[in-house]
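A.B. asks: Here the protein sequences line up with chains A and B, keeping their order.
So the first sequence is numbered by the working numbering: it starts at 1 and just counts up by one.
So the second sequence is numbered by the working numbering: it starts at 1 and just counts up by one.
Hints were generated in silico from the structure; no laboratory data involved.
If a hint is listed, it holds; no wrong ones were tucked in.
Output of the computed footprint for chain A on chain B, the stretches with three or more beta carbons under 8 Å from beta carbons of chain A: (1) 10–20; (2) 27–34.
Residues from chain A shown here face chain B by an in silico Cβ test under 10 Å; the list is partial: (3) 3; (4) 6; (5) 49; (6) 50; (7) 80; (8) 106; (9) 142; (10) 144; (11) 172; (12) 173; (13) 175.
Everything numeric in this text was worked out from a predicted model, so none of it was measured.
Here a beta-carbon is modelled for each residue, glycine too, at the ideal position from N, C-alpha and C.
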Amino acid sequence: MDSPFGLLAELTYRCPLSCAYCSNPINMASYTDELSTDEWRRTLAEAAELGVLQAHLSGGEPLLRRDLVEIVDQAAGLGLYTNLVTSAIGFSRRTAERLREAGLDHVQVSIQADAPVLSDRIAGIPSFQRKIDAMRLVKELGWPLTVNVVLHRRNIDRIADVLRLAEEVGADRVELANTQYYGWAWKNRDALLPSREQLAQAEAVVREARERLSMDVLYVIPDYYSKYPKPCMGGWASRQLTVAPNGEVLPCPAAQSLPLPKASIREQELAEIWTDSPVMNAFRGTDWMPDPCRSCDRQELDFGGCRCQAFQLTGDASRTDPVCHLSGDHEVVAAAVAAAQQPVSLQLTPRPHRPQQA
Amino acid sequence: MNSLEVSTRPRLARHVRLTYSVARKRPVLLLPETVVVLNETGAAILKLCDGQRTVPEIVAELRARYREVPTDEVQRFLAGLAARRCVELPDG
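Please construct the entire structure, taking both the sequences and the accompanying hints into account.
C.D. replies: Following this line, the structure appears as structure tokens:
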């Protein structure tokens with residue numbers, strides 16, 4: 001079995017923003033007992049030992065962890081490539097300088113649109129200007145900057161202006177990723193899924209931008225519109241692992257929604273979990289695959305797609321991802337896509353800033 | 001673009017780190033969201049990409065260490081990594 005390359009460290013699910021496209025779990029209250037600084041230190045050490053090379057520090061908003069600098073310091077000390085994924089809220093000059101000193105390698109700042117009114121409306125708080133300031137600070141302190149934009153029905157038509165903005169702040173990379181429908185985004189799917197015409201226009205803008213700009217432009221299509229499913233995580237428990245705020249270890253952040261036995265860094269060592277735990281082995285390799293995947297020559301290309309999406313759409317995580325046109329359940333995706341060609345309700349459920357205590 | 005400008009002085013892109021994976025016993029290039037697993041010769045080429053040396057100079061140094069160093073293979077390797085934005089090829 002190969003070692004994982006990347007650890008997604010979800011430091012907290014608390015967040016100052018309340019974006020309706022958030023993929024954090026709905027049951028945030030299960031994650032309030034967050035790992036301590038020492039527990040994260042140990043997790044990072046065990047990850048490095050296991051062969052992990054990159055630590056993606058995410059959330060929620062990782063800057064809400066008061067010990068973020070110490071966590072970065074540990075990760076960098078272990079030789080990991082450290083990547084901060086942030087809304088920029090809390091990214092003060094002082095914090096930024098301390099993170100730089102601790103050895104943080106790369107910063108990804110999210111923005112919700114190209115202009116204050118729409119961006120702030122999607123984020124749920126006035127945040128646009130702070131994000132722009134943070135982006136400039138990232139560049140000023142000498143970091144490479146990635147600007148992250150989650151695309152959906154409300155902002156995908158602004159993509160050319162978003163690219164202009166990214167260029168203006170001197171981004172090295174821009175990630176234009178259509179919403180992945182997990183967590184709160186799943187709840188809001190029908191109001192977020194863009195139309196076919198919106199996508200065609202966005203793709204034309206991206207093609208043109210890639211030829212013109214020196215900036216790296218990543219574009220992720222909504223998989224509902226693709227013929228074959230995405231090669232989710234490069235295969236279940238194959239290249240990446242996730243540690244949730246409470247120490248739960250998962251192949252990906254969405255997998256908490258699946259009815260699988262839990263594994264926790266608080267109870268077992270990471271290497272043992274990676275190798276032996278039922279949650280990691282549930283869909284590893286290709287033996288679990290039913291038809292049409294079992295007899296498909298693409299099984300090593302897309303790994304049957306996404307287990308969490310199969311579970312959401314069919315109630316059975318071991319079925320072929322219904323996004324695939326060969327799936328027997330494909331009509332549920334086709335119906336969502338058909339609905340997206342019509343006017344949709346604008347009703348969105350914002351994600352809460354912090355878990356609602358039961 | 002398989003043949004590079006003679007005057008270009010390749011360097012690793014700023015957001016890229018060349019290191020060694022103990023678990024894999026292989027040199028690796030680390031990028032924000034990607035890992036490129038290298039072989040020993042690939043790593044040897046990249047160690048010489050310091051923004052000072054030209055490609056002919058890199059090839060000359062490698063020839064002192066390895067028996068055969070085809071120039072076109074070094075060029076192809078660097079052009080491939082440049083296309084993935086791991087390596088920058090500034091005009092000489």
